[in-house]
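Line order of the protein sequences matches chains Z and V.
Counting from 1, position 365 in the first sequence corresponds to residue 358 in the working numbering; the numbering is continuous, with no gaps.
Counting from 1, position 68 in the second sequence corresponds to residue 61 in the working numbering; the numbering is continuous, with no gaps.
Treat the hints with caution; some may be incorrect.
[Stated by the list, open to error] DSS-like mimics (lysine-lysine), calculated; alpha carbons at most 30 Å apart, straight line:
id, chain 1, residue 1, chain 2, residue 2
1, Z, K(-3), Z, K27
2, V, K27, V, K(-1)
3, Z, K27, Z, K(-1)
4, Z, K80, V, K80
5, V, K27, Z, K250
6, V, K(-1), Z, K130
7, Z, K80, Z, K129
8, V, K80, V, K27
9, Z, K80, Z, K(-1)
10, V, K(-1), Z, K250
11, V, K80, V, K(-1)
12, Z, K27, Z, K80
13, Z, K80, V, K342
14, V, K129, V, K80
15, V, K250, Z, K27
16, Z, K(-1), V, K250
17, V, K27, V, K(-3)
These are computed hints drawn from the structure, not numbers from a lab.
Since the model is a prediction, treat every value here as computed from it, not as a measurement.
Number of protein chains: 2
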Amino acid sequence: MEMKTKEYSSALLREHYFEMRHPSGLPVYVFPKKLTTTYAILSTRYGAMDTSFRASDGNFITVPDGVAHFLEHKLFENPDGSDSFAKFSVWGADANAYTTANRTAYLFSCTEHFSEALEELLTFVTTPYFTPETVKKEQGIIAEEIRMYDDSPWDRCFQQLMEAMYAECGIRKNICGTERSIGEITDRLLYDCYRIFYQPCNMALVVCGDVTPEEVLAVCDRVLPQETIRLPIERAPFTEPDTVSRRRIEARMQVAKPLFTLGFKDPILPADPLARSRRYVAMNLLDEAIFSRAGALYSALFEEGLLTTSYSYSYSNTDRCAFHTVSGETDDPDAVEARIAAYLEQLVKTGIDADEIERARRVLYADELQSYDSTEEIANELLSYLFDGADLFGQPALIEDITADEVNALLPMLTRADLRCLSVIRPQEEPEKEEN
Amino acid sequence: MEMKTKEYSSALLREHYFEMRHPSGLPVYVFPKKLTTTYAILSTRYGAMDTSFRASDGNFITVPDGVAHFLEHKLFENPDGSDSFAKFSVWGADANAYTTANRTAYLFSCTEHFSEALEELLTFVTTPYFTPETVKKEQGIIAEEIRMYDDSPWDRCFQQLMEAMYAECGIRKNICGTERSIGEITDRLLYDCYRIFYQPCNMALVVCGDVTPEEVLAVCDRVLPQETIRLPIERAPFTEPDTVSRRRIEARMQVAKPLFTLGFKDPILPADPLARSRRYVAMNLLDEAIFSRAGALYSALFEEGLLTTSYSYSYSNTDRCAFHTVSGETDDPDAVEARIAAYLEQLVKTGIDADEIERARRVLYADELQSYDSTEEIANELLSYLFDGADLFGQPALIEDITADEVNALLPMLTRADLRCLSVIRPQEEPEKEEN
């Protein structure tokens, strides 16, 4: 067996990791790190967005929403009727899985019996087993999960924001699908999607902990084939308008106080992963400088009683969509939007205070370093960057490199009303006016 | 049943909680908060430090180290042989317990079946059951736990720091005790300590979540007696020197790189809880301004390769002891201490940059607000403040009030060599020199 091992290292971080490709086609990454736990994650570039693609007959097909997540559930079930979750606990390993818009991931963390647990992880993910009966049973379980998310106000608030902001992009889909869409899923369809998206060459294994590349490859050799077969993977193209579909969306649920998520659509999606990574870091500097709880905007709105302590913000971007969100609890979501808009208008005129950008830079830099304290964070970050084609170890330099001018140049976009959308969840009954 | 309910509220935080005293003598606190989980914690003012106290015969006695932690383990076991941990999982509740230097706490979080879980919590903590056989079995289990902590380099590094800094104070004791000390524990001794320290008047129940004071009190009424009996509790006084016992302490273990914890003993222990609370906040401002990962000191040492990303710092104070710690991984612990000492000397001359103190203030303020996002954090914070006699809702005002002069005045103490102690864990074998 001949195999090339490539080593990536960061002199600054004094960390390194290895990249290999198993003969099955699976890329394998091992990041040595002596911490309490070892963490392994096996992931495929296949998520809730991937519902239209070229099938093996050469035609584009569209499958029901929620297939990627459905597959995630079903893979834990084995041909002998056993459930892989239970097996992990025997080794004291803690297994889990998740589906996002663009990936599905299976993982465990453990303090001992690493090889046994990794063998089980590779085995169950590479052993699809679906029957009409097991699919039917799962439809009931996932319908329940869908209802659970529907009952969660924050999930609903985010979900309806995506539906309002995006016209075509798959980010507007509910990750679990709908009760109707999952009703259309069959065992045959699961096998078809599995065969296309679970090819080793479309996946990656990342391990972070007190292990060697040799130990990891030895387990791969026990489970995976020694030959590579590749089916072409081609997702259907789509056209998404730059601006938001709707400017405002609202629902009523059982909440004590109205919730809001304010979205800022970012229409600029650099095709080059490194440019995208740079934009990601610059936007994070911008967000940290403007929206941080330690900043003037949040402080003012909090002290006036317009925001509570329930508050968060983020920016995310891929090659298919990008957006900021700011979420909170407030008696008056429209007033919060107006205040944020006015604050941003003013900032465009004055520019962001240079000290604030420096503060943001130091916070991001410290957060970046801190993430190396956890095998879980390292493995998930490494996976994100490699799936996105960007460079994990390039982050500290990006944080240092980006100038205040570059950050300020991103600001005017946040003031464009046609890129902004307010999603609100209001109480069923308006609460009675409280006396102060 | 007559019961006074006192309400505490914060106009700024727009939060409130209720204080009641159950007829059994148990103080009960209910903090209404609509989040996903409800969290309950029942705690007693009894921890690893409390090994010398006045017994019922009027004489001071000293019990073996580790009794509080031993009791914590044994209380989960019931007279019918069942284990309370298992019962909680039936209701989907997640139970746990911990012992610190000065308290023992039993807790659970749940999303439903709150009343059933609370009834179990109150029942098992108020039902001591120990026999010579169950004590003997537990001695083996806890000996294993002691060995586990002994094998953890960070735990050992902290433990030996406390032993080096303190001559008399119980903070120097290992929370679990030693294999020898727990060998001296008997069922009779456990009953004696239980009777003194687990009186409802020495305990508190704190609940945070979507519950009412009435629901909580109804459960208390089902489990607890309707009368109060009080035995006097008196801990033996002790005298601790102001300065550290030893300036340096070192051990060798299986680590890749040396670890250190640098301790700064704080000899000033205000008797008044509010003064102590103010000192706590001022010291936290000082630490955040000096030691933060986002600050100049850490950045410089990191970029020079003297520190890795494994790094932390904290300050803690009670009426019995107070200290700062700064911990990290480094090839040269003495160089790190020297660099920190030189940096502090310089700061005393120039004063801390006013902007840095403002940044620290905003970080602490934001952290304080953020803690209200979690029922677990709220309940544990509320418990800490009430056991310490301080005011949970007073924190934001303290963070705002403390002046830069007040923070700077605390700085010279950090430069006193006789208050400083360096604890080091070095690799068994010195690692071979790496080439750069």
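Violated hints - listed by number, lowest first: 6, 9, 11, 13
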